[in-house]
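Peer 1: Start from the sequences, fold in the hints, and give me the full structure.
Chain by chain, the residues run as shown.
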Amino acid sequence: MANYYDIDDILVEEEFVPVLFNKAVNGVRIDESTEKGFVEEGSKSELPFWLARELHLRKAVTISSPSCFNHATRVEIQADAGCVDLRSRCQYFYEFGCKLAPLCDKTIGLLISHAFRIRYKEVLHKAHTTACATASKILTLLTKEETNLYEAAQSSMAAFRKWRMGGPTLKMASVLGRKRKPDEGLLLP
Amino acid sequence: MKPYNKPYTLPAFFSLPFSFFFFERRKEKTLLHFSSFKETKTTYVCSLLSSGSQDSAQQLYSPLSLSDFVAQVEFMAEDETVGIVPNLHMEALNFICGDYGPFYPQIITEVPLWLAVALRKRGKCAVRPPEWISVDNLTRVLEGERDSQAFQALPFRYVEISRLLFDHAPEDIPERYMVRSLIEDIRDVRFHKVQTNLEKFTASAVTWKNMSAMEVNIIRAFSGRALQAFYMHEQSTPDSDRAPDTQPQIPNNRPRLRVTIRGHIFFHGLLIFAIVVCHCATTCAAPRWQLLESTEFEASMMMKW
Chain U
1 MANYYDIDDI LVEEEFVPVL FNKAVNGVRI DESTEKGFVE EGSKSELPFW LARELHLRKA
61 VTISSPSCFN HATRVEIQAD AGCVDLRSRC QYFYEFGCKL APLCDKTIGL LISHAFRIRY
121 KEVLHKAHTT ACATASKILT LLTKEETNLY EAAQSSMAAF RKWRMGGPTL KMASVLGRKR
181 KPDEGLLLP
Chain X
1 MKPYNKPYTL PAFFSLPFSF FFFERRKEKT LLHFSSFKET KTTYVCSLLS SGSQDSAQQL
61 YSPLSLSDFV AQVEFMAEDE TVGIVPNLHM EALNFICGDY GPFYPQIITE VPLWLAVALR
121 KRGKCAVRPP EWISVDNLTR VLEGERDSQA FQALPFRYVE ISRLLFDHAP EDIPERYMVR
181 SLIEDIRDVR FHKVQTNLEK FTASAVTWKN MSAMEVNIIR AFSGRALQAF YMHEQSTPDS
241 DRAPDTQPQI PNNRPRLRVT IRGHIFFHGL LIFAIVVCHC ATTCAAPRWQ LLESTEFEAS
301 MMMKW
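First to last, the protein sequences are chains U and X.
Residue numbers in the first sequence follow the UniProt record's numbering, run continuously in steps of one, and reach 189 at the last position.
Residue numbers in the second sequence follow the UniProt record's numbering, run continuously in steps of one, and reach 305 at the last position.
No lab work stands behind these hints: they were computed from the structure.
No experiment lies behind these values; they were computed from the predicted model shown.
Possibly wrong hints are sitting among the right ones.
As the list claims (entries may be wrong) - Result set (EDC-like, lysine to aspartate or glutamate): computed pairs, CA atoms no more than 20 Å apart in a straight line:
id	chain 1	residue 1	chain 2	residue 2
1	U	Lys-162	X	Glu-171
2	U	Lys-121	X	Glu-199
3	U	Lys-126	X	Glu-199
4	X	Lys-124	X	Glu-184
5	U	Lys-162	X	Asp-188
6	U	Lys-162	X	Glu-131
7	U	Lys-162	X	Asp-167
8	U	Lys-162	X	Glu-78
9	X	Lys-200	U	Asp-9
Peer 2: Quick look at the structure:
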C-alpha cells in the first residue's frame, strides 16, 4: 500500500529509534564526537528507523521501543486517549507504530489501534461541528494522519455548505444597506 | 425512468476536469440546437470549467481533492427526469443522451432536469415537481427519520433535485416554504444519523440502506481515510490477542464496509464507495477498482489490496 515516493512514508522512516549493537562494527562512527573509528559491541545509540530496520534484519542490532511508546504514554493513552498530545511525541504515531510493531514490541499494535479507535471518535465529532476558530486548539494535539482526516471532513463539509449557499439567492435592496446620516432627520421640516 | 441515459461512461480513475470536458461536449452538443441558448451555454461552461480547474489544482497540491466533488454530484443529478408543462410548440429534440419532445403547449413532457431548468429560465415551461415533494409525504418521512434508526426511502438525489427546483422554479412548487423547511429538517436529521453511524464503525461490516448521493459525498473523503487507517492498524495487531469487536466478524476475518444505496444506479464509482472490501490476502498490490452491480440496484465497488 505504501508508495515508494510517498513523502509521509519517507518521513516516518526518518524517526529515530534506540538500538543496542549486538556486534562490533568496524569503520563507522555513530557521531563525529567519538574518537574511535568503530562501534563496540553492546553500545547503545539512536539510529533512524530505515537504518535500524536493515541492521535488525542482519541481526546486528536490537531495537527497543522509542520514547513515544514508553510506559508513561501508554498510561496516558489508557486514561484518556482523546487528550494526549501525540503530535509533540511523534508526528507519525500510527504509521511509525505499525512499522515498529513487528520488529520490537508486538503490544504497540494493540496500543495504536486502541488509541486510534478512541481518538477517531473525537476527530469525527469535532470535524463536523466545530467552527474554524476553535479548530487550531484541537489541531495541536492531532498527529499527521488525524489532521488529514480532520481536514478531509472539514473541507467536504465546507464544500457542501458553499454549494448550498451558492446560486441565485435573495439580495439586499440597496436602500436597506445604507446608513442613515445622523443629521438627516434634523433637516426635514 | 431510464437508469442509463449517459452518452459516455467513464472509468472511475478519470480526473475531474477531464470528465467535465466530456460532459461539456454533451451539453454543448445539446444546447447547440437552441441558437438563443448560446449565452447560457458559455456562462455555464465557464462556471463548470473554473470549478474544474480549481479541482485540478487541488489534486496536484493537496490530498483532499476528493472533497470537492459537490459540483459533480449536482451535475449528475441534472440527468434525472422531471415533468414539464411547456407553453410553446417545438419539435422533438434529439440529443446524444436521448430524444425528448415534441413539445406541445399544456401537454406534460418528461425531460432531464437540466433541460427543464434551461427552459424554465426562459419562461417556456412550468416544472411539475416530483410526487415526493409534497408536504404530506415529507412530513411522513421526517417523522420516520426521527422515530427510527434506519434511513427512510427518499430519492437518491433528493438534496440536489430539491435545491435545483428551489433555485430555478420556486413558483412551481406548492407550499414551497413549508416544503423547503421540511427538506432542510430531513437533511439535518439524516446527517446527524450518518454521524452517529460513523462513530460505530470499526473496520468491520456496516450496512446503511437508503443513503443519498450528497450524504455519501460529504463523508466520502473522511470515511475512506478512516477505513484505511483502521485496516492498517488491524494489520499490525497480532492476531492472537486481537481485541474482540462489537461488530459481527466475517468468518475469513476481512474488514468490510458496506453501504447499500437503493435507487438509481451510480454508474461510475467515482462519487461513491458502496462496498469497500479490504482484502487481507494480498498484501502490497496496487489498489484495483472494480464496479459490480447487483439486483437491487446497488452500485458496489471493491477496493482490493
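Peer 1: Work down the list of hints and note, for each, if the structure agrees.
Peer 2: Checked hints:
no.	hint	result
1	U:Lys-162 with X:Glu-171	violated (24 Å)
2	U:Lys-121 with X:Glu-199	holds (6 Å)
3	U:Lys-126 with X:Glu-199	holds (12 Å)
4	X:Lys-124 with X:Glu-184	violated (29 Å)
5	U:Lys-162 with X:Asp-188	holds (16 Å)
6	U:Lys-162 with X:Glu-131	violated (28 Å)
7	U:Lys-162 with X:Asp-167	holds (15 Å)
8	U:Lys-162 with X:Glu-78	holds (19 Å)
9	X:Lys-200 with U:Asp-9	violated (29 Å)
Going through the hint list in order, the structure does not satisfy hints 1, 4, 6 and 9.
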